[in-house]
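J.: Line by line, the protein sequences give chains G and H.
Letter by letter, the first sequence follows residues -6 to 168 in our numbering.
Letter by letter, the second sequence follows residues 125 to 721 in our numbering.
Quick caveat, the hints were computed from the structure, so don't treat them as lab data.
What you are looking at is a predicted structure, and each value in this text was computed from that prediction instead of being measured.
It is possible that part of the hints are untrue.
Unchecked claim - Within a straight-line C-alpha distance of at most 27 Å, the following computed DSSO-like cross-link-like pairs (lysine-lysine) qualify:
| # | chain 1 | residue 1 | chain 2 | residue 2 |
| --- | --- | --- | --- | --- |
| 1 | H | Lys153 | G | Lys78 |
| 2 | H | Lys362 | H | Lys486 |
| 3 | H | Lys464 | H | Lys334 |
| 4 | H | Lys511 | H | Lys660 |
| 5 | H | Lys464 | G | Lys78 |
| 6 | G | Lys86 | H | Lys271 |
| 7 | H | Lys153 | H | Lys334 |
| 8 | G | Lys78 | G | Lys104 |
| 9 | H | Lys153 | G | Lys86 |
| 10 | G | Lys78 | H | Lys511 |
| 11 | H | Lys437 | H | Lys464 |
| 12 | H | Lys464 | H | Lys450 |
| 13 | H | Lys437 | H | Lys511 |
| 14 | H | Lys511 | H | Lys490 |
| 15 | H | Lys322 | G | Lys78 |
| 16 | H | Lys474 | H | Lys486 |
| 17 | H | Lys324 | H | Lys511 |
| 18 | H | Lys324 | H | Lys343 |
| 19 | H | Lys450 | G | Lys86 |
| 20 | H | Lys660 | H | Lys646 |
| 21 | H | Lys334 | H | Lys324 |
As the list claims (entries may be wrong) - To be clear about the criterion: a stretch of chain G counts as covered by chain H if any three or more of its residues have a C-beta under 8 Å from a C-beta of chain H, and this derived list gives those stretches:
| # | segment |
| --- | --- |
| 22 | 13 to 19 |
| 23 | 96 to 106 |
| 24 | 120 to 129 |
| 25 | 156 to 162 |
Said to hold, decoys possible - One-sided excerpt, in silico: chain G residues whose CB lies under 8 Å from chain H:
| # | residue |
| --- | --- |
| 26 | Ala45 |
| 27 | Arg71 |
| 28 | Lys137 |
For each residue, glycine too, the CB sits at the ideal point set by N, CA and C.
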Amino acid sequence: MHDTKVKLAGDVERHTLTVLVDNEAGVLARVVGLFSGRGYNIESLTVAEVDAMARTSRITIVTSGTPAVIEQIETHLRRLVPTHKVTNWTSAKAGIEREMALVKVAGTGEKRVEALRMADAFRARPVDTTHASFVFEITGAPSKIDSFVELMRPLGLVEISRTGVAAISRGPEAM
Amino acid sequence: MDKDDTLTRSEAQAAETMTGAQMVIRALKDQGVTHIFGYPGGAVLPIYDALFKVNDITHVLVRHEQGAVHAAEGYARSTGKPGVVLVTSGPGATNAVTGLTDALMDSIPLVVLTGQVPTHLIGTDAFQECDTVGITRPCTKHNWLVKDVNDLSRVLHEAFEIATTGRPGPVVVDIPKDVQFQNGAYHEPQAIHHRTYKPKTDPDLSAIVKAVEMMAAAKKPVFYTGGGLINSGPEASKLLRELVDLTGFPITSTLMGLGAFPAARPEWLGMVGMHGTWEANHAMHDCDLMICLGARFDDRVTGKVSSFSPGSKKIHLDIDASQINKIVRVDLGIVADAAKALREMIRFWKTQKHQVQAAGLKAWWKQIDQWRTKKSLDYRNSDSIIKPQYAIDRLYQLTKHRDDVFITTEVGQHQMWAAQRFHFQEPNRWMTSGGLGTMGYGLPAAVGVQMAHPDALVIDIAGEASVQMTMQEMSTAVQYNLPIKIFILNNEYMGMVRQWQEILHGGRYSHSYSEALPDFVKMAEAFGCVGLRAEKPSELDGKIQEMLAVNRPVLFDCRVDPAENCYPMIPSGAAHNEMLLSPDDGGKISDAGKMLV
């Protein structure tokens, strides 16, 4: 499991936040502009409409900062007019975080066999196969994807596409 | 956007059909708007055409859109009502950006309506097209591009709601020209139940209980008040006076909060911060309890944050949760409207029969009186040259018998001198650009104030550099017979820049001297105003009286000592107890301090 509580340097911590917003024009720009305008980091960001009837979108952001900066980020996100709710999965509520990646590896012979063997061990599945390449689909905590990518590097890694983190709470309740 | 997306409404509501342009005018009327500040252009012509047919909304034609926004700010700040602006697309919108940012920084409620190119041309680099909502997103509380005429009335009412509630601020509604022409359903303002926007204004009573307990335990307390008290409305100022009556605590204020507490009362310490008084800053530094009411620990107040009031417990009341613990960690945060929180504080203070720490408070006042003997606002006067401090003092003395004096300022030394020396007894009388520090704010703001208060004495205390930034609004003042007084402390320099260059940059006055200045008296005459000039201290009173006697706009060229610096001063990077009182104190500024603004 990806440990979001790891301290990167000094007091800087990585936190995963989910922002439930009204899906209106420009709402993503408001959120992203808040981060760039105030000098906050975005390590990954995912966004999609989650309720077509209620017209709400869910934005999940992995960010880093000191506890004071994280607190500021949360209060500023809450202050945006279209924001319904902000949840911090790292400090406030137990959540599950998952990411999907597509990993392209090119090679022949022993390297190609080894890549497939590794993929199997990681429960990554080939979604495109040629005599000279694979595209693997892998899902898991970001750290698991990091490890898989590192293993693929010497085996002919060509490129990676990652979705960023999606998060949801454990247990029966909503965020 | 979907028309019923963010609002729930009573079903019985009748909708009238009209054009988008008519909806704008109708919504303004339904929102109680009587004055708007604007400038026409291609993309707002339908709205201007609708405006042509109405009599109960006064449109003030400015000379530049920045002036419209500052005028609306002055109008809003002096009335407590939202300021309304109408400008065209493209340059009309971009010219409004400085004013929008100014209003955002100082929490001024504005509704700014911008025209936009027709929807089918958006994104084509059409004539006078710009991405108005993109450009204004970071300098508004919220903004909208209305692409469907049936959304327009809801958005307009929502715009007023968002601008004026919670922490007030500017909003922009961008209306494409085709939407202005289209017919659609107009809905009147309803009780709004916004899906997401629900500002918290009621305090947590447990926090109030804790706050009054902390106040009762304090031996060296100080109230540190700000613009939030003004924005909360006159009731907050009344309650503040009552709380000071109950406790006898000393009180200081930020630049934005001046007037919430009467400067004539003995508990008043003067302004806090970079150019605050010796007693206010030392009280802030040495207190054991700081009660911050509607202020935001701005860098101009705190100085060096790591040395800021090191021994105190801190209570912070703010309507905006994001302000709490932003700069300074506090011991107790209260998110609420100032008046509501003050009312509860007074109630709990009384019902729980709290008493102050009488002996401690007495010693604290003794210490404060000691600091007061420094007389930190004193200056060396002159018989031969008008000192800017003297000019402000005379202006104050000659107008203080009136209870309808409104002061606006530009930005710089004159602004600080005015804040220090022109004393206010009531809120909403002091209009200044605090957060953004916008040179050119004061003249158009005075236009807005005078529109709202036609019989009042409205004075723009100005500098000769600032005033030239929005000078053209003189013409607006003449057009609407607004007898504003523009009192220029003319030292021929960008005075505050010159002062910093003297202290920080070895007296190398790089481009801070205006080598060519207009003859302000002739310029006043060219605009159709009255021009006056005072060059000697002996003629100052007479000329000020002359200015006050004229019921027309006056441009007063007060020639002051060009070398005078504004003291007291906390140099950048220094603590509250490291103030400079005069040039004799030197001005050693650390390398870290030089990096600050």
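J.: Determine for every hint whether it applies to the structure shown.
T.: Consistency of the hints with the structure:
For the suggested pair Lys153 (chain H) and Lys78 (chain G), the alpha carbons sit about 35 Å apart, so the restraint of at most 27 Å is broken. With a CA separation close to 25 Å, the supplied pair Lys362 (chain H) and Lys486 (chain H) stays within the 27 Å bound. Simply put, Lys464 (chain H) and Lys334 (chain H) have alpha-carbon atoms about 16 Å apart, close enough for the 27 Å limit, and the pair holds. With a C-alpha separation of about 10 Å, the suggested pair Lys511 (chain H) and Lys660 (chain H) falls inside the 27 Å cut-off, and the hint holds.
A hinted pair counts as satisfied when its Cα atoms are at most 27 Å apart, and Lys464 (chain H) with Lys78 (chain G) qualifies at roughly 25 Å. Distance restraint check for Lys86 (chain G) and Lys271 (chain H): the Cα-Cα separation of roughly 39 Å exceeds the 27 Å cut-off, and the hinted pair is therefore not satisfied. For the proposed pair Lys153 (chain H) and Lys334 (chain H), the alpha carbon gap of about 44 Å is over 27 Å, so the pair is violated. Distance hint between Lys78 (chain G) and Lys104 (chain G) is unfulfilled; the C-alpha atoms sit about 48 Å from each other, more than 27 Å.
A threshold of 27 Å between alpha carbons decides the hint, and for Lys153 (chain H) with Lys86 (chain G) the separation of about 47 Å lies outside it, so the pair is violated. Using a Cα cut-off of 27 Å, the hinted pair Lys78 (chain G) and Lys511 (chain H) is violated, with the two alpha carbons roughly 56 Å apart. For a cut-off of 27 Å, the pair hint linking Lys437 (chain H) to Lys464 (chain H) stands: about 22 Å separates their Cα positions. Restraint check for Lys464 (chain H) and Lys450 (chain H): the C-alpha separation of about 23 Å stays at or below 27 Å, so the hint holds.
Distance hint between Lys437 (chain H) and Lys511 (chain H) is unfulfilled; the C-alpha atoms sit about 41 Å from each other, more than 27 Å. Of the pairs offered as hints, the one joining Lys511 (chain H) and Lys490 (chain H) is violated, with about 32 Å between alpha carbons and a cut-off of 27 Å exceeded. Straight-line distance between C-alpha atoms of Lys322 (chain H) and Lys78 (chain G) comes to about 12 Å, which keeps the hinted pair within the 27 Å bound. The straight-line distance between the Cα atoms of Lys474 (chain H) and Lys486 (chain H) is roughly 21 Å, inside the 27 Å bound, and the hint therefore holds.
At roughly 47 Å between alpha-carbon atoms, Lys324 (chain H) and Lys511 (chain H) are farther apart than 27 Å, so this suggested pair is violated. The hinted pair formed by Lys324 (chain H) and Lys343 (chain H) fails the criterion: a straight-line CA distance of about 32 Å is larger than 27 Å. Between Lys450 (chain H) and Lys86 (chain G) the CA atoms are separated by roughly 23 Å; this keeps the pair inside 27 Å, and the hint holds. Between the alpha carbons of Lys660 (chain H) and Lys646 (chain H) the distance comes to roughly 19 Å, so the proposed pair stays at or under 27 Å and holds.
For the given pair, Lys334 (chain H) sits about 19 Å from Lys324 (chain H) by alpha-carbon distance, which is consistent with the 27 Å threshold. For the segment 13 to 19 of chain G, the assignment as covered by chain H holds, since 5 residues bring a beta-carbon within under 8 Å of that chain's beta-carbons and 3 suffice. For the segment 96 to 106 of chain G, the assignment as covered by chain H is violated, since 0 residues bring a beta-carbon within under 8 Å of that chain's beta-carbons and 3 are needed. Counting residues of the segment 120 to 129 of chain G whose beta carbon lies closer than 8 Å to any beta carbon of chain H gives 0, which falls short of the minimum of three for the stated coverage.
Coverage of a stretch by a chain is defined here by at least three residues with a beta carbon nearer than 8 Å to that chain's beta carbons; for the segment 156 to 162 of chain G and chain H the count is 0, and the condition is violated. With a least beta-carbon distance of about 11 Å to chain H, the hint placing Ala45 (chain G) at the interface is violated under the 8 Å criterion. Interface restraint check for Arg71 (chain G): the shortest CB-CB distance to chain H comes to about 7 Å, inside 8 Å, so the restraint holds. For Lys137 (chain G), the shortest C-beta to C-beta distance to chain H is roughly 35 Å, which exceeds 8 Å, and the interface hint is violated.
The structure fails to meet hints 1, 6, 7, 8, 9, 10, 13, 14, 17, 18, 23, 24, 25, 26, 28 from the earlier list, while all remaining hints are met.
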